Amino acid sequence: MPVTRGFTGRRRPSDPAREGRLPPGQYDTGTDFPSLTAEATPRVDVDSWSLGIDGLVEAPQSWSWDEIHALPPSSYAGDIHCVTTWSKFDTTFTGVSVDTLLDAARPLPEGAFVMAHTASGYTTNLPIEDLRGGRAWVVWDFDGKPLTVDHGGPVRLLVPHLYFWKSAKWVTRLEVMAHDRPGFWEQNGYHDRGDPWLEQRYQGDP
Amino acid sequence: MIPRVGPWTTATIAEIEREDRLVRLRLDVDGRTAHLPGQHYVVRLRAPDDYTAQRSYSVASDPTDPLVELMVEWMPDGEVSGHLHDVAEVGDVLEVRGPIGGWFTWTGDEPAIAIGGGTGVVPLVSMMRHAIRLGVPDRLRVVAVGKTLEELPYADELVAAGAFVATTRENLGSRVAATPYPEEVRHLVEGVERAFVCGSVGFSSYAQRLLGEVGVRADTVRVEQFSAWGPSDQQQRPTG
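Chains as they are written, first to last, in the working numbering: chain A, 1 to 206; chain B, 207 to 446.
A couple of the hints might just be wrong.
What the hints assert, rightly or not - What follows is a set of in silico ranges between Cβ atoms, one per label pair, in the way DEER data are often shown: (1) A:V149 with B:R381: 52 to 62 Å; (2) A:G121 with B:T270: 57 to 67 Å; (3) A:L198 with B:T270: 53 to 63 Å; (4) B:I338 with A:P16: 49 to 59 Å; (5) B:E223 with A:P23: 29 to 39 Å; (6) A:G121 with B:E316: 46 to 56 Å; (7) B:D256 with A:P72: 43 to 53 Å; (8) A:S50 with B:T270: 48 to 58 Å; (9) B:R415 with A:T91: 54 to 64 Å; (10) A:T8 with B:G397: 46 to 56 Å; (11) B:E221 with A:S62: 52 to 62 Å; (12) B:Y257 with A:L198: 41 to 51 Å; (13) A:P72 with B:D255: 39 to 49 Å; (14) B:R415 with A:K145: 36 to 46 Å.
As the list claims (entries may be wrong) - In silico contact screen, one side only, chain A against chain B (beta carbon under 8 Å); selected entries: (15) M1; (16) V3; (17) T4; (18) R5; (19) S48.
Derived by calculation from the structure, the hints in this document are not laboratory data. Note that the structure is predicted; figures quoted are calculated from it, not measured. We put the beta carbon where it would ideally sit given N, CA and C, even for glycine.
All chains should be built: construct the whole structure from the sequences, respecting the hints.
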């Protein structure tokens with residue numbers, strides 16, 4: 001691809017601690033935490049909210065707000081990457097590991113994919129492998145404070161090793177499926193997996 | 207059918223027009239796929255050492271326009287918008303990818319209202335030009351909101367096409383500066399089956415409330431939000 005005439009780029013001052021942490025095509029958003037949402041923002045009431053796991057599982061589960069808070073807590077400290085090209089370094093989210101939830105529901109061997117559903121009707125699909133191995137959480141705290149509604153509060157999915165549209169805001173249900181099926185953005189041309197290091201932004205990206 | 211976004215390609219700047227804070231780019235795109243009104247393109251700039259920066263910009267042109275028109279808002283310290291505003295010239299070659307987006311699109315079939323704030327009017331201009339070319343200008347009712355007429359992209363064209371234009375920092379004729387009131391848009395939503403909202407996060411919440419107040423069902427509303435944050439550019443698309 002051609003060099004853009006006259007463009008040198010305004011790289012940030014290099015921070016050795018962040019060396020190698022920015023995936024291709026991304027930039028550091030600094031202290032900002034942009035929020036973009038396609039649908040009307042729902043108001044999720046923690047008294048009526050619940051998270052279910054169903055589909056191809058041995059033991060379908062449902063946790064209320066209090067029940068999910070009684071599970072062993074788990075935190076993520078690290079970076080997040082949005083397909084709109086911002087990355088944010090050194091975030092901290094707290095909630096519960098998706099491993100804990102899936103262990104309770106016991107997915108059947110043929111359950112290879114998961115559709116995350118939310119209170120707003122948004123959906124996003126993921127390989128179940130990406131929710132395993134301590135790499136995915138259901139979270140309600142961001143940097144030590146309750147997650148605000150524009151960032152998916154009171155509770156969202158967090159899958160930080162994939163582009164952030166996979167981290168469904170206002171999550172209410174994880175449906176375990178045998179076959180992959182496109183979620184909301186995936187039906188609209190975005191990638192089924194969304195690995196930022198491979199720049200899997202759009203359908204058809206390798 | 208899932209829209210597949212084609213590979214990166216190149217585009218030559220055929221026309222460029224700068225205003226105070228806006229850059230209107232008209233691009234000749236290699237191997238172009240026709241867009242749908244409402245879609246966007248990604249523009250990528252490449253430095254000699256292969257460092258790249260990319261941003262998304264909505265298309266303003268009608269799909270049958272031989273060129274792809276983008277209206278870029280210059281952001282203070284914007285890495286991409288700054289280059290386009292200060293450096294880019296006719297004949298320069300840019301990397302582009304698009305068209306992208308299958309959600310915030312209007313093909314002209316259903317009666318719709320479209321509300322845009324600031325540069326949020328850009329995809330609406332594509333829809334409006336499309337409606338006019340199809341000979342169904344009344345099928346799309348456009349509400350355009352800017353701080354001043356001067357700062358609103360495509361203000362003259364919007365006014366000439368009969369859009370309802372409201373300014374929030376200056377009076378417009380006898381209309382005192384304010385965002386649109388429910389009574390000003392109520393008649394525009396009669397019979398609409400689809401509503402589009404495009405603008406900043408704050409503007410889109412306001413516009414969604416406004417549509418709700420005049421009886422537009424929330425499930426007919428499609429929102430395209432962008433936000434300008436830190437030293438960056440206008441951004442559009444999926445959830446951050």
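Hint check results:
1. A:V149 with B:R381: 52 to 62 Å: At 33 Å between Cβs, range violated.
2. A:G121 with B:T270: 57 to 67 Å: Violated: the Cβ-Cβ distance is about 34 Å, outside 57 to 67 Å.
3. A:L198 with B:T270: 53 to 63 Å: violated, 36 Å
4. B:I338 with A:P16: 49 to 59 Å: Holds, at about 56 Å.
5. B:E223 with A:P23: 29 to 39 Å: Given about 34 Å between the Cβ atoms, the range holds.
6. A:G121 with B:E316: 46 to 56 Å: At 20 Å between Cβs, range violated.
7. B:D256 with A:P72: 43 to 53 Å: Taking Cβ atoms as reference, D256 of chain B and P72 of chain A lie about 45 Å apart, which means the hint holds.
8. A:S50 with B:T270: 48 to 58 Å: Given a distance of about 50 Å, which is inside 48 to 58 Å, the answer is holds.
9. B:R415 with A:T91: 54 to 64 Å: Since the Cβ atoms of R415 of chain B and T91 of chain A sit about 30 Å apart, the hinted range of 54 to 64 Å is violated.
10. A:T8 with B:G397: 46 to 56 Å: Hint holds: Cβ distance 53 Å, inside 46 to 56 Å.
11. B:E221 with A:S62: 52 to 62 Å: holds, 58 Å
12. B:Y257 with A:L198: 41 to 51 Å: Given range 41 to 51 Å: violated, Cβ gap about 19 Å.
13. A:P72 with B:D255: 39 to 49 Å: Cβ of P72 of chain A to Cβ of D255 of chain B: about 47 Å, so the range 39 to 49 Å holds.
14. B:R415 with A:K145: 36 to 46 Å: Distance hint for R415 of chain B, K145 of chain A is violated at roughly 26 Å.
15. M1: holds, 5 Å
16. V3: Since the shortest Cβ distance to chain B is 5 Å, the answer is holds.
17. T4: holds, 4 Å
18. R5: Holds, about 5 Å.
19. S48: violated, 19 Å
The earlier numbered hints that this structure contradicts are 1, 2, 3, 6, 9, 12, 14 and 19.
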